[in-house]
Structure formats: C-alpha cells, structure tokens
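Here is how the chains run, residue by residue.
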Amino acid sequence: MAFRSSITIVASPRPRVGKTLLARLLTDFHLSEGRLVAAFDLNAGERTLAQFLPDKTTTASIREISGQMALFDHLVAHEDLTKVIDLGHESFESFFSVAHQIDFVEEARRRSIAVAILFTITPDQTSIGAYRGLRDRFSRATLAPVHNEILGPAQHRDKYPLATGGPGVVRMPALAPGLRRYIETPPFSFADSGKVSTMPPDSQSELQRWLRRIYLEFRELDLRILLADLRHSIQFGSGT
Amino acid sequence: MARPAVILVGADKGGVGKTTVARTLIDYFGAHQTPTRAFDTEAPRGTLKRFHPELTEVVDVTSVSDQMKIFDTLGSADAKVTVIDVRAGLLSSTLQALTDIGFLESAKKGQITFAVFHILGSSIASLQEIAETARVVGDANYFLVKNFINNTTFFEWDPATYNSYFKKIKGAEEITIPKLNEMAYEQVEVASVPFVSFIGNKGVKGEAANNSFVLRGYVRHWLGNVWGEFDRVKLVDLVSPKIESNVRQVAG
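Protein sequences appear in the order of chains F and D.
In terms of the working numbering, the first sequence has 216 at position 216, counting the first letter as 1, and numbering is strictly consecutive.
All you need for the working numbering is the position in the second sequence, starting with 1, plus 1000.
I should point out that these hints are in silico values taken from the structure, not numbers from a laboratory.
What you are looking at is a predicted structure, and each value in this text was computed from that prediction instead of being measured.
Some hints here could point you the wrong way.
Incomplete in silico selection of chain F near chain D, CB under 7 Å [stated by the list, open to error]: (1) GLN68; (2) MET69; (3) PHE72; (4) ASP73; (5) VAL76; (6) GLN101; (7) ILE102; (8) ASP103; (9) GLU106; (10) VAL169.
Here a beta-carbon is modelled for each residue, glycine too, at the ideal position from N, C-alpha and C.
Using the sequences and the accompanying hints, generate a full structural model.
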C-alpha cells in the first residue's frame, strides 16, 4: 500500500517541551516539500500555532462531540492533504482515548493515510507511561520518540523502547540562543524567505543549517513510515 | 431439524430501551448468519419495524390469531431465531399467555429453546416484577439486562435487595449494555437503519450514506461491547449449538 498522505500528531502529556515549535517545523517542512498542508491547533489556551501559521492552522477542540466530529471527520477526509496536529498536553488523554474508541488509525489507513505520533521524551514517569500506553493502543501508527535537545541530554532514552523496524529517536537540535528572537515573534513561517532575508547574514546561515538538520530528521522519518508499512505488508503478506 | 429458539425481550415499564436491545440482538444474529425474524408488539406502528422492516412483523401478542402467527410457525419458518419485542407492561401477561398455550411446557421438554431478556429500569418497582416473572418463567434462560445506554444510573438500587431478587431466578445471568454517546444514538435513530448498517455507512436501501466517522466509530465500539456481553453468555451456542461463536467483527 502506498500512502497518499500522512497525519502527524505532535504529542506529550507535559507542557512546555517544544511541541508547538516542532509542529511549526513539521508544517513548514511539508510545505517546503511541495505538499498541501493543514495544521490543527489543539491547545486549550494560547493557540500559539494558529498565531504563527494563521493561514495553515485550524483551531480545534474535542471536549464536545461536535468538535470531535469536526476534527476527526476532517482528518480522515481529504486524502491528499498532509496534516499536522499540535496536541496540547491537556488534550492528550481525551484525544487518544477518542481516537482509540473510534479506530482512528485503522480508518485513516483504509483511506491510504499514514498516522505518525511524534512524542517528546522527558524523564518523568507520566510521560514514560503515556508513551507505552500509545505503543499498546496504536500498534498500526508510527510512534517516534523525539529528543528536544534544548531540554538537556537524554539519559532516559532507554525508557522509551523503539519499535522494531520503526523510526529511531528524532533529534531536534537546539537553536542558537541569539536566533530565537527572530523565530519567536508570530506570525512566522520558516518557509517564508522574505521574512528570513531581513535577518543578518550570519543568523540566516545559522538558521538554514539548523533547519537542514531537522528536515533531514523529518525525511528520515518519512522513509521510516514507508518502510514500516512495507515491512508489515511483507510480514503478513496482506498488502492491504 | 434444528430446534427453534424464541427470545422474549421485555420490560415492565416503558423507556428502558428494550427495542434498542432487540435491535442489537437482531444485528448480532445477522452477523452470525443465523436467520432471524422479529415480532414487534407496539401496534399499530412498531419502532422495531422501522429499523428492521424486512424481518419484523407488528403483532398483538394478546390476540389468539397473532399468537398463532408467532408460535404455530416456529417449526416451519425459515428463521431459526424469533425475537419478540414485548411492549411495556405486557411482559407478565405475555408470559402468562405462553403458559396457557402450553408453550412453556414445550420449552421445558426441550422442543423449543426459550430465553427471556428482562430489561431493568432504574427504579425498585421494576425489580418487583422480577419476582413475578420468575414464577412463570421457571427454567427459561433468563437474562437480566442493565441498560446504561441512556446513562441510566442504578443508584436507587440497594445491592442487597437486588441480589435477593436476582437469586430468585435459578441460573439468571446479568448483561450490561454500556452507555452510547447521545449524539451517536440520535443519529442512528434519525437514519432509521440497523446499527450494523450505520457502522458500515449504509442507508435504508443499502446505498452509501454520509454518516460521521466519529459517530460510526462510537457506535462500532459500543456495539462491540454489547456483542461481547452476548458472547460472554454464549448466546449463539444457546440458539444454535453447532455454530461457532467467534464472530466479533462488527464492520468490515
């Protein structure tokens, strides 16, 4: 089965671990690859993603069933659209419990849409438990641990077991402190060359280097999603 | 010749969801390739008939001619299983009528498989009916169904009282119907199709429908749980001992 598009969920049960930045980077990555992208902001409070990428982002809430319908029905429709979800920590449990109940991953696969979960790893037990819970409940989704290097070294990495044949840890290198002020003022798209060109030349090349490293990780991840599926269809001979 | 089975779905008060339970039963037997017919006693216009028009006939279970229609055809009908949705308030009198016509006697002799699904309401009044029906039913396969589909709370129930009634019926089994999201339930009502069709995104005539994937997912999950309960009490073995009861797939 060849996937037509993907849904990537950026998730962690912890606040302030860099989810929104990761979602921004992913959205811009897909755009730079020439894909049609829709981003969904599921943060209860600030709607930061929507501020940074107002043209691409839909804000969503899944507390009520009408919101769940608006989000999930939209996610499994529009097969040619690549989707990125910035899942706020307060929506973590409810999102995945609904997704599990309604067989979201299977339905997406039926429509040739791959589902990947990017999980920012932190040393706390809550996150470790949540990661394992996702692995058990969503065996057909690609689960990739993300190490955000700005949070420090990842000695807890072995607490996050990798799936055989699945992706390795996605590394998100820290951005040089001097550059943050450029990219932390919304709206801002990494794909917007006009905005980037107003930065000093040194900062520009530093930013490009940083982006290249991250985009490389994303490309690797894309490949892994494809390979995992290939491996699965060979293993089970189903080729669904 | 396989032994025919009759399943009576009843309650002594309205609004406890017996038709919903009858619908899940018809879907369940359908998924197990067990030919089923149904009788709806909600004359003149039955709710059950609205959801399963091909299988359902509306009858008046207290009239002799309709009793003949149901019970004299048990051996000759194509359907192996007969589901009777008994209108609120008629459970006890229906059972009494079944005694009078000698039906319960044949069930006792093993010529017919007979089961009762007694849907419980949330008040103690409906518990008192258990004692009364228990007296008539005797050896039937008796299922006490706690229906939470509309989020009924059973808080008024004193466990000691409940257990004392529960024990009055030898071999009675408890079945729990879990809650289904209101909007999902409503949409199935509006669509007027069997649960299985709703899940499969089909309309009344089998045409493609446009139901919300989220709602279909909720219904599938819920129906899976309900069928899990039917599997647990080995319902398929009861009505047709030869068929394996391993079908858990709700929708393809």
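Would you check whether VAL76 of chain F satisfies its interface hint, that is, whether its CB is within less than 7 Å of any CB in chain D?
Given a least distance of 5 Å, the restraint on VAL76 of chain F holds.
Measuring from the C-beta of GLN101 of chain F to each C-beta in chain D, is the shortest one below 7 Å?
Since chain D brings a Cβ to about 5 Å from GLN101 of chain F, closer than 7 Å, the hint holds.
Holds or violated: is the Cβ of ILE102 of chain F closer than 7 Å to a Cβ in chain D?
OK, holds: ILE102 of chain F within 7 Å of chain D, min 2 Å.
Do the numbers back the hint for MET69 of chain F, that is, is its least Cβ distance to chain D under 7 Å?
5 Å, holds
Please check whether GLU106 of chain F passes as an interface residue: C-beta within 7 Å of a C-beta belonging to chain D.
10 Å, violated
Hint check: is the beta carbon of GLN68 of chain F less than 7 Å from a beta carbon of chain D?
5 Å, holds
Tell me if VAL169 of chain F is really an interface residue toward chain D, meaning its C-beta lies closer than 7 Å to one of theirs.
31 Å, violated
Hint check, ASP103 of chain F versus chain D [nearest Cβ-Cβ separation less than 7 Å]:
6 Å, holds
Let me know if the C-beta of PHE72 of chain F comes in closer than 7 Å to any C-beta of chain D, holds or violated.
5 Å, holds
Please check whether ASP73 of chain F passes as an interface residue: C-beta within 7 Å of a C-beta belonging to chain D.
Hint on ASP73 of chain F: holds, closest Cβ of chain D at ~5 Å, below 7 Å.
The structure shown violates the earlier hints numbered 9 and 10.
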